[in-house]
Amino acid sequence: MFQGYVLSLAIWVPIAFGIAVLAIGNDRAPAPARWTALAGSVAGFLVCVPLWTGFQPTAEMQFVEMGSWIPRFNVSYHLGVDGIAMPLILLNSLMTVLVVIAHWEVVTEKVGQYLAAFLIMSGLINGTFAALDAILFYVFFEAMLIPMFLIIGVWGGPNRVYAAVKFFLYTLLGSLLMLASFIYLYYQTNGSFEILDFHALSLPMGAQILIFLAMFTSFAVKVPMWPVHTWLPDAHVEAPTGGSVILAAITLKIGGYGFLRFNLPIAPDASHYLSGFMIALSLIAVVYIGLVALVQADMKKLIAYSSIAHMGFVTLGFFIFTADGMLGGIVQMISHGFVSAALFLCVGVLYDRVHSRQISDYGGVANTMPVFAAFFVLFAMANSGLPGTSGFVGEFLVILGTMKVSFWFTFLAATTLITGAAYTLWMIKRVVYGAVANEKVAKLQDVNGRELTFLLILAAAVLALGVYPKPLADVANPSIQKLLQHVGQSKIG
Amino acid sequence: MTTATFSYATIAPALPEIVLLALAGALLVADLYLRGGEERHATYGLAQGALAIAAIVTLGQMGGPSQVTLHGMYVSDLLGQVLKVATLVTVMATLAMSRTYLRLRGLLTGEFLSLALFGTLGMMVMISAHHFLTLYLGLELMALSQYAMVALERDSARATEAAMKYFVLGALASGLLLYGMSMIYGATGSLELTRIADSIEHGDSHAMLGVFGLVFVVCGIAFKLGAAPFHMWIPDVYHGAATPTTLYIGAAPKLAALGFILRLLANGLQGMTGDWQQMLVVLAVASLLVGNVVAIAQSNLKRMLAYSTISHMGFMALGIIAGDDTGYGAALFYGLSYMLMTLGSFGAILLLSRAGFEAENIDDFRGLNQKSKWYAFMMLIVMFSLAGIPPTVGFFAKLVVLQAVLDAGYTWLVVYAVLLSVVGAFYYLRIVRLMYMEAPAAEISVDPHPGTGWVLSAAGLATLVLGILPAPLLDLCVRAIAASM
Chain A
27 MFQGYVLSLA IWVPIAFGIA VLAIGNDRAP APARWTALAG SVAGFLVCVP
77 LWTGFQPTAE MQFVEMGSWI PRFNVSYHLG VDGIAMPLIL LNSLMTVLVV
127 IAHWEVVTEK VGQYLAAFLI MSGLINGTFA ALDAILFYVF FEAMLIPMFL
177 IIGVWGGPNR VYAAVKFFLY TLLGSLLMLA SFIYLYYQTN GSFEILDFHA
227 LSLPMGAQIL IFLAMFTSFA VKVPMWPVHT WLPDAHVEAP TGGSVILAAI
277 TLKIGGYGFL RFNLPIAPDA SHYLSGFMIA LSLIAVVYIG LVALVQADMK
327 KLIAYSSIAH MGFVTLGFFI FTADGMLGGI VQMISHGFVS AALFLCVGVL
377 YDRVHSRQIS DYGGVANTMP VFAAFFVLFA MANSGLPGTS GFVGEFLVIL
427 GTMKVSFWFT FLAATTLITG AAYTLWMIKR VVYGAVANEK VAKLQDVNGR
477 ELTFLLILAA AVLALGVYPK PLADVANPSI QKLLQHVGQS KIG
Chain B
14 MTTATFSYAT IAPALPEIVL LALAGALLVA DLYLRGGEER HATYGLAQGA
64 LAIAAIVTLG QMGGPSQVTL HGMYVSDLLG QVLKVATLVT VMATLAMSRT
114 YLRLRGLLTG EFLSLALFGT LGMMVMISAH HFLTLYLGLE LMALSQYAMV
164 ALERDSARAT EAAMKYFVLG ALASGLLLYG MSMIYGATGS LELTRIADSI
214 EHGDSHAMLG VFGLVFVVCG IAFKLGAAPF HMWIPDVYHG AATPTTLYIG
264 AAPKLAALGF ILRLLANGLQ GMTGDWQQML VVLAVASLLV GNVVAIAQSN
314 LKRMLAYSTI SHMGFMALGI IAGDDTGYGA ALFYGLSYML MTLGSFGAIL
364 LLSRAGFEAE NIDDFRGLNQ KSKWYAFMML IVMFSLAGIP PTVGFFAKLV
414 VLQAVLDAGY TWLVVYAVLL SVVGAFYYLR IVRLMYMEAP AAEISVDPHP
464 GTGWVLSAAG LATLVLGILP APLLDLCVRA IAASM
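Respectively, the protein sequence lines represent chains A and B.
When the letters of the first sequence are read in order and numbered with our numbering, they come out as residues 27 to 519.
When the letters of the second sequence are read in order and numbered with our numbering, they come out as residues 14 to 498.
Note that these hints are calculated values from the structure, not bench results.
Just so you know, not all the hints are guaranteed correct.
List of simulated lysine-lysine pairs, BS3-like, C-alpha gap at most 27 Å [stated by the list, open to error]:
1) A:K136 <-> B:K178
2) B:K386 <-> A:K136
3) A:K469 <-> A:K455
4) A:K508 <-> A:K430
5) A:K136 <-> A:K192
6) A:K508 <-> A:K496
7) B:K386 <-> A:K192
Please take these sequences and the hints and turn them into a complete structure.
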């Protein structure tokens with residue numbers, strides 16, 4: 027019945043619930059706001075389910091909606107998804123449910139505003155993935171900054187304000203340059219803001235390089251790529267658990283998505299021309315940031331650096347221009363969404379009990395929290411790319427794709443199998459195993475039903491994607507083929 | 014033209030001004046006899062009523078044909094009507110917001126209200142002027158009322174100093190403007206805008222003298238607008254004047270100045286577009302730099318908003334630099350959205366001020382979210398709108414201006430404006446940060462005066478709604494420009 031409006035519902039249902047939560051939020055009696063938020067996030071997820079069930083495995087844009095918005099400048103409310111965007115929308119809607127479950131006993135201050143910020147952001151992120159009009163995309167893309175800024179700055183740790191402002195300004199600089207390139211493209215297409223028209227446009231090499239760099243600034247900050255990654259560890263460490271989950275699982279993916287939707291198809295020649303540069307930055311992220319992660323004393327910081335390294339794999343996969351690499355990048359994005367979210371939630375579980383994120387404050391957690399330890403170890407294995415978990419599929423495909431291009435790239439990329447395992451498992455060894463380190467650890471209570479719920483959902487997702495990734499590959503493959511074919515054709519002339 | 018006809022048909026287009034003049038005069042007399050106590054119900058009601066009636070009369074004229082009347086002195090067109098309605102509504106909102114603040118400080122007098130009305134009349138005359146003489150007449154009526162309004166708080170040394178600075182520099186600017194006008198008169202042989210345009214177009218004018226005159230005129234305009242490097246008076250006057258006066262000076266006159274620029278540069282001197290474009294580029298570049306960078310160092314909110322005004326006027330000037338209908342439409346849209354944001358930001362200062370306490374330091378906004386979620390949220394919308402973040406109207410204002418500038422071929426200006434917008438975002442964020450991320454300041458309490466609260470909420474919501482649905486306003490701006498050119 028609502029087939030024609032699935033994407034609109036995916037965007038506006040969470041936002042509407044967010045506004046309702048904002049209105050009924052009350053710190054003395056937070057229960058109504060909490061239940062409304064849970065209802066909103068579940069409803070937001072359910073309206074996205076038709077996207078999966080009704081998706082046709084072709085490269086065409088589906089669930090298209092078209093409405094006039096600002097006729098004077100040909101800006102339209104144009105929505106649609108292909109096999110690249112659709113899984114990301116589902117991932118986002120699922121994560122929102124988990125974040126709402128995870129906050130329950132943990133956040134006690136300004137609960138209504140906290141939940142409203144997440145719900146509104148969830149809708150905006152869905153809009154970012156679904157927008158087919160450049161200005162519409164930009165509005166969602168930028169508006170997202172407002173709730174994220176507040177989430178980090180209001181509910182974060184001691185240095186939250188610095189982190190929030192850094193996050194905001196870094197992102198704003200990149201996106202304004204992207205906006206300038208949108209306006210340029212608007213005139214080149216004789217007055218269209220349609221992203222698909224941008225794809226079809228012929229451009230000289232010089233213009234392509236400038237557009238590529240403008241958009242690169244925007245998306246590289248989001249991914250984040252070395253050397254503009256420095257906001258991420260700050261933001262992650264200071265953000266509340268839910269904020270870290272959404273940051274790592276979703277907002278980083280917007281950077282990767284941006285490369286696929288904008289950089290590659292709009293400036294294919296520049297993408298080829300600059301691919302060496304992109305691969306170099308990606309490999310630096312994989313190798314160097316991996317080593318940086320090794321020496322972190324703070325668990326959240328360690329996972330944050332590990333995120334940068336994993337996202338390096340994603341951009342590497344995109345810029346070697348092979349089908350395996352690109353599929354690997356996409357699978358890696360989804361997998362990293364689950365795994366990093368799970369790891370941040372695990373750290374959150376520990377932090378709520380001990381109020382420390384330092385590795386040195388723990389030891390022997392397995393003795394007091396056996397169930398939790400099992401999950402934590404599973405997610406750590408996934409993070410280091412163990413076969414059978416989702417982390418393996420993406421990394422393996424990217425390495426496979428890279429092998430077709432260059433042995434040395436492959437060699438460098440493959441070092442992650444060692445460093446990734448090293449930093450993750452070494453953290454596990456120090457936190458989970460060994461003798462009980464101190465009294466606080468001795469008094470730990472194992473996970474309760476609420477925590478078990480989100481850990482189980484994530485564990486199921488990680489294993490399912492690891493053992494049987496075919497459904498995801500089937501959805502994404504036609505779009506990847508089309509994109510590769512498009513990128514293979516020169517636009518000059 | 015030759016026969017002196019003076020019928021209702023010739024003066025009818027000027028009806029809004031005539032009505033406002035009559036009512037303002039009536040108010041001046043009536044105030045002597047009316048007793049409204051401290052609240053001055055009757056005088057205040059009369060003032061708001063006069064503005065409302067003038068606005069309704071103007072609205073009634075909308076949709077009529079453009080016409081020049083009163084021997085070429087006065088023009089009535091959609092551009093003028095849109096600007097006049099916006100001006101009148103802004104002044105009404107200003108008065109509604111300021112009422113309690115003024116009463117608590119003994120400033121809610123008949124003088125204040127009638128000066129406000131006469132100043133508004135001056136703005137309306139400026140907007141509808143089609144002749145240098147009318148332009149100047151309107152400008153001076155507005156400016157003199159404003160000097161007096163700043164000086165009205167006569168026991169305050171700061172206000173007196175501000176009034177003095179404002180008057181001396183303002184008089185200088187008027188002198189520059191008059192001098193420039195006289196040179197243009199010398200070069201073209203006319204004071205009427207259409208004839209000046211004809212004369213330049215047909216090459217009958219003395220080009221060198223005309224450009225000299227233009228330099229002085231642009232300097233005068235830049236002063237009134239507050240564009241760098243003629244911005245020195247803005248921070249001092251904004252800071253020194255009582256907040257309602259600051260709001261009065263900071264909001265509506267910018268629309269009048271925009272009308273003035275559009276009439277003078279875009280209509281009268283369009284033949285010299287290449288010349289004034291270069292001058293405006295310098296003004297815009299300097300304003301964006303000074304406004305955004307110096308604002309970072311301010312600890313007083315009124316001074317910060319003063320520098321923010323300078324940067325926004327620079328941005329608005331960018332639209333005019335584009336030099337075509339798209340650009341003028343963008344500038345108009347920018348001006349109208351800036352009105353909303355000005356009302357919102359100064360409204361917040363008025364909201365937090367009480368008897369004996371001025372909430373004008375940035376630190377006074379500390380922890381506002383804990384005191385009042387709603388007003389903190391309104392202020393958040395306004396601040397993000399000033400920074401140009403969607404989904405607020407400030408984003409679309411910036412977008413349409415950048416679009417026009419890029420179309421005119423000034424790519425470097427676009428990149429420059431974009432980079433300074435990031436600098437600008439930093440100090441708007443600071444307000445949001447203080448409101449949401451800091452513990453509240455002890456002395457702040459929010460018990461909004463009804464007028465202030467309502468208008469502030471309306472401005473905040475309008476900023477958001479127009480940010481989501483900007484099409485109708487954008488359309489109106491484009492039509493207004495098309496009708497006037």
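Here's how the hints hold up against the structure:
| no. | hint | in the structure |
| --- | --- | --- |
| 1 | A:K136 <-> B:K178 | 47 Å, violated |
| 2 | B:K386 <-> A:K136 | 10 Å, holds |
| 3 | A:K469 <-> A:K455 | 20 Å, holds |
| 4 | A:K508 <-> A:K430 | 20 Å, holds |
| 5 | A:K136 <-> A:K192 | 23 Å, holds |
| 6 | A:K508 <-> A:K496 | 19 Å, holds |
| 7 | B:K386 <-> A:K192 | 25 Å, holds |
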